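Using the hints, put the two standalone chains together into the complex.
If you read the protein sequences in the order shown, they are chains A and B. With my numbering applied, the first sequence covers 1 to 136. With my numbering applied, the second sequence covers 137 to 263.
Treat each hint with caution, since some may be false.
Stated by the list, open to error - Just the calculated beta-carbon pair ranges, DEER-fashion:
1) PRO86/A with LYS148/B: 50 to 58 Å
2) GLU6/A with LYS148/B: 52 to 60 Å
3) THR141/B with SER72/A: 35 to 43 Å
4) SER255/B with GLY58/A: 44 to 52 Å
5) GLY58/A with THR141/B: 26 to 34 Å
Worth flagging that the hints you see were computed from the coordinates, not collected in a lab. Remember, predicted model here, so these are calculated numbers, not experimental data. Heads up, the beta-carbon is just placed ideally off N, CA and C, and yes, glycines get one too.
Chain by chain, the residues run as shown.
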Amino acid sequence: MSTDAEGELAIETEGDIVATRHTVREVALALGFGITDVTRIVTAASELARNVYKYGGGGIVRWRRLGSRERSGIELQFIDQGPGIPDISKALEAGYSTGQGLGLGLPAARRLMDELEIRSDPGQGTCVTLTKWRAH
Amino acid sequence: MGPETLSVIKIKEILVVTLPSDPDDSTVAALQEKVLVEMERHQAKGVVLDVSAVETLDSFFARTVTETAQMIGVMGGRTIVVGMRPAVAITTTQIGLALGSIETALTVDRALDRVMLASSTTLESFQ
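This is chain B alone, in the form it adopts within the complex (with noise of 0.2 Å):
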């Protein structure tokens, strides 16, 4: 995967969006509408948005992961930010970025995890 792109997979009803390292910001404001699109598209129920790769999480790439996920919400998903590094997470407290409004998880697989379940009580509770 190059420094600038954006990977997503899907995995059952959910997106699993990897970002980049290091993007440039026309790459970050990109990931808001691709992400959109592609959640119509697959019909998905959530998106995993994996961060463990970022290096530097600024006020402008920070506030386009908090809209994102607020437009994800409009849309009727969840979404999960997962593997924030410590740095990155000491950083942007630090600064007072509004990511606590935001689901999070430690790993992919955690956060897969509680997407199904989530789904599978759901159904039950409808059986």
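So here's chain A without its partners, still in its complex pose (with noise of 0.2 Å):
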């Protein structure tokens, strides 16, 4: 198991959203989130993966251990230098999607995550930032 503080993995192929699923889950599993808060980290993290992958024309996903002496969490950053997203509000409602997909994906990273940030300018490329807490 994975005890690395950080990490990034390369989403080239659709194998490396598997992969992403693999790694995240990993780090959530042994950063002592229950099953629960795994399923819905993982659950999220494979949502981005696949926008990365389709909209995006590939990218990153960077991990990070979020700690201190009160909390701790997961920080998984998506990014890609892909077309961007137009319009980030509509982008978040369920349903509304540029592509092939139903536009389920970042509504449902952010109903399942603790945090959700977006950076965004159209031919720049998409930064979507996801946090997890977890409960003491």
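Right, dumping it as structure tokens:
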């Protein structure tokens, strides 16, 4: 089981979506998340890894352990240099999508995680940061 | 069974399809056609989709399962999804995936009992 504090994975192939799920599961389990939260985190990661692969033209996922005396958590960043998201608030509405999907990825990730931040400029790519805190 | 393998077995007139724990998108997409082809080949009355190994049911996977159930319905069959893990049930419900319209059962045994009971009742009612 990986005990690194942070790491990075390329998302260039369909198989990398599966690899993202494996890695995020290991990291979340090692951080002590319960199985329901692990499933939420891995599901959110799967949605965003697919977005990077399908709509962003590939990219990376970066994971990082967050910890202080009070609380611990996990941060996941999905970064691509794709076309970007023209209307972020629309992209967060279920059912909106410019691609072939049903536009469920971002709204799903927002419901499953504690924090979601999107930085995107048309033509400059997209960076989505997800955070989940462990309940103590 | 490998992590990407779809297993299909026939019990009487019902297909029991076991989904792998962590399939890639191509495997998920291939599931649809494979199940429908097997259904026609075996003249099956229904399909029991065993998802007990599935650890992550994201929107793509859930949508494929829902669509497959609809397609089986169009072909005149019945679909029962069985064995969903509690954490998976919590997650898919929380993100609002429309699995609610699909018939479910806790175990394969219970699903088979239900389909077989339904077909024997139907036979009796015609006698």
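Here is how each hint holds up against the structure:
no. : hint                              : in the structure
1   : PRO86/A with LYS148/B: 50 to 58 Å : 54 Å, holds
2   : GLU6/A with LYS148/B: 52 to 60 Å  : 53 Å, holds
3   : THR141/B with SER72/A: 35 to 43 Å : 37 Å, holds
4   : SER255/B with GLY58/A: 44 to 52 Å : 49 Å, holds
5   : GLY58/A with THR141/B: 26 to 34 Å : 27 Å, holds
This entry satisfies every hint, going by the numbered hints stated previously.
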